[in-house]
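Q: First to last, the protein sequences are chains F and V. Under my numbering, the residue at position 29 of the first sequence is numbered 29, and the numbers go up by one with no gaps. Under my numbering, the residue at position 38 of the second sequence is numbered 38, and the numbers go up by one with no gaps.
It is worth saying that the hints were derived from the structure and are not from the lab. All values derive from a computational prediction rather than experimental measurement. The beta-carbon is built from N, C-alpha and C at its ideal position, and this holds for glycine as well. Hints may contain errors.
[Stated by the list, open to error] When the alpha-carbon atoms are kept at most 16 angstroms apart in a straight line, the in silico EDC-like pairs for lysine to aspartate or glutamate are as follows:
#1 V/Lys313 / F/Asp86
#2 V/Lys313 / F/Glu95
#3 V/Lys317 / F/Asp55
#4 V/Lys317 / F/Asp53
#5 V/Lys264 / V/Asp210
[Stated by the list, open to error] Residues on chain F that point at chain V, a partial pick, calculated with CB under 7 angstroms:
#6 Pro52
#7 Asp53
#8 Leu64
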Amino acid sequence: MVGGSQTGDDGAKAPSAEQPGHPTAEPWPLWEVFVRSSRGLSHVHAGSLHAPDADMAVRNARDLYTRRNEGVSLWVVPASAIITSDPDAKGQFFESPQGKDYRHATYYTKSEGVKHL
Amino acid sequence: MTTATDTPQDLTAEQEQFDRLIAEDSRIEPRDWMPEAYRKTLTRQISQHAHSEIIGMQPEANWISRAPSLKRKAILMAKVQDEAGHGLYLYSAAETLGTSRDTMTEDLIAGKARYSSIFNYPARTWADMGAIGWLVDGAAIANQVPLCRASYGPYGRAMVRICKEESFHQRQGFEILLELSNGTEAQKKMAQDAVNRWYAPSLMMFGPPDDDSPNSKQSMAWNIKRFSNDELRSRFVGMIVEQVKVLGLTLPDDQIRFNEETGKWEHGPLDWNEFKEVLAGRGPCNAQRLERRRAAHDDGAWVREAAAAYAAKQAAKRNELKEAA
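When you get a sec, could you build the whole thing from the sequences and use the hints?
A: Spelled out as structure tokens, the structure:
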């Protein structure tokens, strides 16, 4: 049986606490839903839902996440298709910003007071 | 996921990381290590919350066909649809902790899971739609707003969405009561009767008094709960004591007072035995609500099966086309 939601916004695979002895009807796959709230903006993750196929996932996403004109466009993605970075390797994977202040505009103070800079 | 979590040394490091995130008032996300008790507490709380939304559809759905106007019917349908949506947001959040929605649904219909005691009271008249919106949704909002900052990320995010939608629920209920209160003598009486019946159960929605709420302390230490039951209840009393004046109605409690010393609102005694009885399944509507939920699940089985069969058929067709190409 597929475990619970695999994602909590980050495609995370949660450990399954499935109890044995439950009816084994195939559960509907999980889909992650992304909503574009208006033209000019990116699709943003809104949440997830279960649906038997992509068409139903889009329809369910409309009913579940856009009841109040929240969106002009929807994406649904099978949760199982999302590849994520390893959360246990945060330190090594994401480069340390330490000592790299020069990547920010605020590092450069000599130009303070100069207009339009 | 790596399995390097087995040695005690790593466990300590992970516990430290967890404790640090909580101490910083940061958020825990699904793939983070978390103590088993934290996972269990959240799974229980979020799934109970989801069940409450789903069962909570019933008292109001019963009134859709009898709403007094097309406008009220449309509003009530939108509200009941929202409750379904809220249930689904919360099931999704609970699933990130590792228990599937199907398992949670099965627990509910098997009578193994709890939901808010409030939904085991009957909605006798149209005015109950008003009192439920004003008092029950009002209490829910007072409870839920601090949950938007719950330490578990998916729960907090679900609550943000829910709180945004919930305020219309309370306002439409208030409006129903206001209209009835300004209507005929009989309508005003009906409104007052509904407020009288829903007042105490809505105060009990905040849970048992602090000295009888064993899990509260740990939940507050984990930043799941931000305020104690009594604190939130007192705040809620302070809000409705003013609002009821606008309605031209009264609250069935002559002991409400503002305690200058503590700076808190106080109310008359609540029947906590009744609360425990209802929670234990012996309330006025427990059996009916569960029976209805079970029937809906069984009656909907063919829809779920048909949708799955259609999906399988379409997938097979696509595969055939792919192979032919």
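Q: Is the Cα-Cα distance between lysine 317 of chain V and aspartate 53 of chain F 16 angstroms or less?
A: Distance ~13 angstroms between lysine 317 of chain V and aspartate 53 of chain F Cα, so the pair holds.
Q: For the pair we were handed, lysine 264 of chain V and aspartate 210 of chain V, check the Cα-Cα distance against 16 angstroms.
A: 15 angstroms, holds
Q: Measure nothing beyond the straight line between the CA atoms of lysine 313 of chain V and aspartate 86 of chain F; if it is 16 angstroms or shorter, mark the hint as holding.
A: 36 angstroms, violated
Q: Take the shortest C-beta to C-beta distance between proline 52 of chain F and chain V; is it under 7 angstroms?
A: Holds: closest Cβ of chain V sits about 4 angstroms from proline 52 of chain F, inside 7 angstroms.
Q: Take the shortest C-beta to C-beta distance between leucine 64 of chain F and chain V; is it under 7 angstroms?
A: Since the shortest Cβ distance to chain V is 6 angstroms, the answer is holds.
Q: Given a cut of 7 angstroms on the nearest C-beta pair, is the interface hint for aspartate 53 of chain F held or broken against chain V?
A: For aspartate 53 of chain F, the interface hint holds, since the closest Cβ of chain V sits about 4 angstroms away, which is under 7 angstroms.
Q: Taking 16 angstroms as the top limit, are the C-alpha atoms of lysine 313 of chain V and glutamate 95 of chain F close enough?
A: 47 angstroms, violated
Q: Going straight from one Cα to the other, do lysine 317 of chain V and aspartate 55 of chain F come out at no more than 16 angstroms?
A: Satisfied, since the Cα-Cα distance of roughly 15 angstroms is no more than 16 angstroms.
Of the numbered hints given earlier, the model fails hints 1 and 2; all others are met.
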